[in-house]
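Participant: The hints should help you fit chain B onto chain A, whose structure is shown.
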Amino acid sequence: MKRLICILCPKGCHLEIDEKQGYKVSGNGCPRGEQYGKREVIAPVRTLTSTVKVVDALHSRCPVKTDSAIPRKLILKAMRLLDNVQLQAPVHCGDIVIENVFDSGANIIATRDLDKVS
Amino acid sequence: MERYDLAIIGAGPAGLAAACAAYENGARKIVVIERDREAGGILNQCIHNGFGLHHFKEELTGPEYAQRFIRMVKETDINLLLDTMVLKVTQDKKLHIMNPQDGYKIVSAETVILAMGCRERTRGAIGIPGTRPAGVFTAGAAQRYVNIEGYMVGKRVVILGSGDIGLIMARRMTLEGAKVLACIELMPYSNGLSRNIVQCLDDYGIPLFLSHTITEIKGKNRVEGVCVQKVDKLGKPIPGTEINFDCDTVLLSVGLIPENELTRETGIEIDHRTRGPVVFENMETSVPGIFACGNVAHVHDLVDYVTAEGFRAGAAAARFCQNQIPAYDSKRVTTFKCGDNVSYAFPQHIRPEGINKYAELFFRVKRPVINAVIELKSGNEVLCSYKRNHMAPGEMEKIIIPKEALETADGLLTISVAGE
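Taken in order, these protein sequences are the chains called A and B. The opening residue of the first sequence carries number 1 in the working numbering; numbering runs sequentially from there. The opening residue of the second sequence carries number 1001 in the working numbering; numbering runs sequentially from there.
Chain A with its partners taken away, still in its complex shape (with noise of 0.2 Å):
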């Protein structure tokens, strides 16, 4: 039997996860929190947010995510996959920056607009 606090929303349910019984998940407050249980306990996903560089922009990073949970396991590899971007103003919320990180379906994007500033 695994304890887990769900984490997919500020609620916090205490979840009890058995692994002998398929993984069966109870102290869920909604279903989502049955497959999260789930899915923790199996292979942990997590969304990443960061920031890159910008340039000519009001500020000098742009803040970005995955647009999907990536596998907590490459959240370290992608963020030095970071280092190395470079945007250029204007951006866009949304625009995509790397297109499907480590192959796991996931794209990073931007999460706000920054215009051109001279």
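Errors might be hidden in some of the hints.
To be verified - Cut-off 30 Å, straight-line C-alpha distance, at most; resulting in silico cross-link-like pairs (DSS-like, lysine-lysine):
id, chain 1, residue 1, chain 2, residue 2
1, A, 53, B, 1179
2, A, 53, A, 24
3, A, 77, B, 1155
4, B, 1179, A, 2
5, A, 73, B, 1155
6, B, 1403, B, 1366
7, A, 73, B, 1179
8, B, 1337, B, 1366
9, A, 11, B, 1093
10, A, 11, B, 1094
By construction, these hints were calculated from the structure, which means they are not laboratory data.
Facilitator: Same frame as chain A, now just chain B:
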């Protein structure tokens, strides 16, 4: 003198939501005054996700959440006045403002919404002993350096306080290549959301020391280390429990304080528990026509609730402009008193004329509790009771009170929480 129906101070999530709601409810000449060079407030530096689950039913990052409201405001003719500081608000709703284009000027408004947010407690506020080297930052300041300005603030980090910003920064610093040695919490529990403990500390193997505090910061020019000690039940350091950490940076996540200098100077009544203005059910302060919403009123843990409050304030301000305010009977105001294990209740007053069938009351517990029973009492009579599985000071709670319960009470209701 420029005249507005509504002047909103602050273009963070509270101010932007208030502007949208006021516009939708018929207010037309609206100005949102923001001291930063862009709208969005603190959301712009909160690049992590988890925002908007209640309001948009999806998981957004801070900048994405802000962006949606900025776009909504820009689709209207709401005047967004950036890079402008409000110096003073008078009771007759004249705003003294200043910016590089216009210099100093006074604008007048029929209604005002205070949405200035909050700011972080600093080292000075908690008085950590030791030397005063560089490398001690509030977590939010470090967040701005890292996420917006693009500066790394240190390599070996100790975080004091396990509030959400501290936890988020523990992960952020780790991802950017720093070594976060520990997160130190004075209380025997964390004030952060459980989800943040899991995905910010546990995921990266960062230890959380509960019932511990930093008792000395060492270093001449730059932080060279900290001494951490266990504390007893009264929060006093226990001799012999010293742990030394060799670090170059200390991040402080030790609480937020509503930013109410303007509010105080206006002469608006302040609640010493929330440290924000005392408000009624429609977010109106003790000065008619001046409203408050978001973290300036009380510190929230979820931006979705800030948005909801902004909507309420904006709608109420629009009604005020259109003279649609009901005739309130001052004898029928319900005031809330904090009983056992309740640190504050919000709003402080509810007028029955201002609600439909139900009123929402927000509050926080002082200590974590399981199998909790929340009771609302008038004298010794229990009017309503509610059950919760878990409650913690870091998670704001909400109860729904039927209008009849408010009407049977004679002005004063006590809210208390019992449990294990």
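Participant: All the hints need checking, so say for each whether the structure fits it.
Facilitator: So, going through the hints one by one against the coordinates:
Of the supplied pair hints, the one linking residue 53(A) and residue 1179(B) holds, its CA atoms being roughly 22 Å apart against a limit of 30 Å. Between the alpha carbons of residue 53(A) and residue 24(A) the distance comes to roughly 44 Å, so the proposed pair goes past 30 Å and is violated. Taking the CA atoms of residue 77(A) and residue 1155(B), the gap is near 19 Å; set against the 30 Å cutoff, the hint holds. Proximity of residue 1179(B) to residue 2(A) is assessed by CA-CA distance (about 29 Å); at most 30 Å being required, the pair is judged to hold.
For the hint pairing residue 73(A) with residue 1155(B), the CA-to-CA distance comes to about 22 Å; that is within 30 Å, so the pair holds. Between the alpha carbons of residue 1403(B) and residue 1366(B) the distance comes to roughly 27 Å, so the proposed pair stays at or under 30 Å and holds. With a CA separation close to 18 Å, the supplied pair residue 73(A) and residue 1179(B) stays within the 30 Å bound. Of the pairs offered as hints, the one joining residue 1337(B) and residue 1366(B) holds, with about 14 Å between alpha carbons and a cut-off of 30 Å not exceeded.
Under the criterion of a C-alpha separation no larger than 30 Å, the hint pairing residue 11(A) with residue 1093(B) is inconsistent with the structure, at around 40 Å. Note on residue 11(A) and residue 1094(B): the hinted pairing is violated, with a Cα-Cα distance of about 42 Å set against a maximum of 30 Å.
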